[in-house]
Amino acid sequence: MPETPAPDVSVESVADRVMRVIANAQKIAPETITIDSTFEELKIDSLDGINLLFALEGEFDIDIPDDAARELRTVRSAVEGVEKLLAAKTA
Amino acid sequence: MSRRVVITGVGVVSALGANRHEFWEALVNCRPGIGPIESVPGGSVRFANGAEVKGRVDDQFDDKDGNLLDRFAMLGVVAAREAVRDAGIEFTDELRERTAIATGSAMGGQASEEVGYRELYLNKATRFHPFAIPRSMANAAASRMSIEFGITGPVFTLATACSSSNHAIGQAMWMVRNGSADLAIVGGSEAPFTLGSLKAWEAMRVVSPDTCRPFSKDRKGLILGEGAAMLVLELMDSAVARGATIYAELAGFGMSADAHHITQPSSKGAARAMAAALRDAELDVSGVGYVNAHGTGTITNDPVESEALASVFGEAMPPISSTKSLHGHALGAAGALEAAATVLALRYGILPPTANFTEADPACPVDCIANEARAIQVEAALSNSFAFGGLNAVLAFRRVP
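Line by line, the protein sequences are chains A and B. If you're matching positions, the first sequence starts at 1 in my numbering and goes up one per residue. If you're matching positions, the second sequence starts at 1 in my numbering and goes up one per residue.
Isolated chain A (complex conformation):
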């Protein structure tokens, strides 16, 4: 599946960006992902998980600590985690 082209991030929400990153990393269609999807539903295993964290760190220019990484089980928790780290970065 071709990578979803990177849209204009200035108008794209954090949630949309997280879902785009997940779609690219998991090689699945973006429309199959919702904010309420669990990692289990998206077949994100532990190895996919660290690959996804690597991609999210690059997308948002953040550093996700190992402790925080272990909490991630859903798209919503990923979005909230990223928003928290973004807020800490600009604070």
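Calculated from the structure, these hints are not laboratory results. Please note that a few of the clues may not be correct.
Below, a list of computed lysine-lysine pairs in the BS3-like style, where the Cα atoms sit at most 27 Å apart [to be verified]:
(1) K27/A / K43/A
(2) K43/A / K64/B
(3) K199/B / K89/A
(4) K43/A / K84/A
(5) K124/B / K27/A
(6) K84/A / K199/B
(7) K64/B / K54/B
(8) K54/B / K199/B
(9) K217/B / K268/B
(10) K124/B / K199/B
Counterexamples of contact, computed for chain B against chain A with all Cβ distances above 12 Å [to be verified]:
(11) S2
(12) G66
(13) V115
(14) G153
(15) E202
(16) A203
(17) P209
(18) G243
(19) I262
(20) L283
(21) A316
(22) N371
(23) A375
(24) F388
Here are the simulated distance ranges between beta carbons [stated by the list, open to error]:
(25) V11/A / N67/B: 57 to 63 Å
(26) I35/A / G55/B: 28 to 34 Å
(27) D16/A / L195/B: 34 to 40 Å
Ideal Cβ placement from N, Cα and C applies to all residues, glycine included.
Place chain B on chain A using the hints.
The following block gives chain B in isolation, referenced to the frame of chain A:
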């Protein structure tokens, strides 16, 4: 004529010391060799601690050919010298031809490659060092050992990630047992403290921020270790005939593949390798008094290994420990270090402990020897290695009174 294979020489260089005596001292006194990583500049890696071999090893190679060796190869050769000396082997040309060398290393001379890449990509060098290839090849330790001791029999190196050493030791034991060789120098070596390797392990998110606590409820991951261990294997009959000191019998070897996942372990695969080693050694589960567990201290490994142990041993579950809590996880050398620990345990009648253990984990229902060695003379023991990629290799040892 029976072709039982015994261990008559042991050599170890590790974070616990420069030889087998210091290794064993630290193991039985539960003194971990874990501390701040000194060989790689700190600050840029999320974890700070490792189990490094202290001090130089290059000063033990004063000939010009020492320049051909990466640290991982030097460590292997230093351990092999000790093992051969310990065994008291007097090589003849005939014996040299009938001797095998089998080593394991997961990374080989990656540090030497990294130096070259830094020059090439960062410093825009136009040349690569002419020794880069011989320094980085995974068989560098085995080849130098063959040259140094004049060994002209079968010599090879295996790379199966964290099972490398056990695969090498097991294959060589079978070669001696089946008559393809009469003697073998076996083990493994690893030198994983390079910035590239530390960053790669950081990204795997399996390295502990403080220390290694296998089977403990608050475990947070593995601690990388550096080192080498080598064993001399020979036929029981010839060892007895020449009056050699026998540490233990290497009685069996079992291997399996999970065919499951590239990094997630499977208890079924691990259990099949243990069962195969027991069968090969003609050992009953009730005869096994100790297991040196793979016990990485990661969230995932320890419960899966516990499940595998339970399925193999059932009610006859022996005490276990993970000496990785002391010498760190030396990757391709792990099996060799742990084989040395197991062999010494059988020889001296003491079971080495799991260090840094704080609280039992209900997810790991095992009899973990916590923080204090147990003075128990057991008759047989297993040593487990399970690698990323789902490749399992288990050695079975028997006491030789």
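Evaluated hints:
no., hint, verdict
1, K27/A / K43/A, "holds (11 Å)"
2, K43/A / K64/B, "violated (54 Å)"
3, K199/B / K89/A, "holds (22 Å)"
4, K43/A / K84/A, "holds (25 Å)"
5, K124/B / K27/A, "violated (36 Å)"
6, K84/A / K199/B, "holds (25 Å)"
7, K64/B / K54/B, "holds (23 Å)"
8, K54/B / K199/B, "holds (21 Å)"
9, K217/B / K268/B, "holds (23 Å)"
10, K124/B / K199/B, "holds (22 Å)"
11, S2, "holds (46 Å)"
12, G66, "holds (39 Å)"
13, V115, "holds (25 Å)"
14, G153, "holds (40 Å)"
15, E202, "violated (9 Å)"
16, A203, "violated (6 Å)"
17, P209, "violated (7 Å)"
18, G243, "holds (53 Å)"
19, I262, "violated (7 Å)"
20, L283, "holds (34 Å)"
21, A316, "holds (32 Å)"
22, N371, "holds (25 Å)"
23, A375, "holds (38 Å)"
24, F388, "violated (10 Å)"
25, V11/A / N67/B: 57 to 63 Å, "holds (59 Å)"
26, I35/A / G55/B: 28 to 34 Å, "violated (55 Å)"
27, D16/A / L195/B: 34 to 40 Å, "holds (36 Å)"
In this structure, the hints that do not hold are numbers 2, 5, 15, 16, 17, 19, 24, 26, in rising order.
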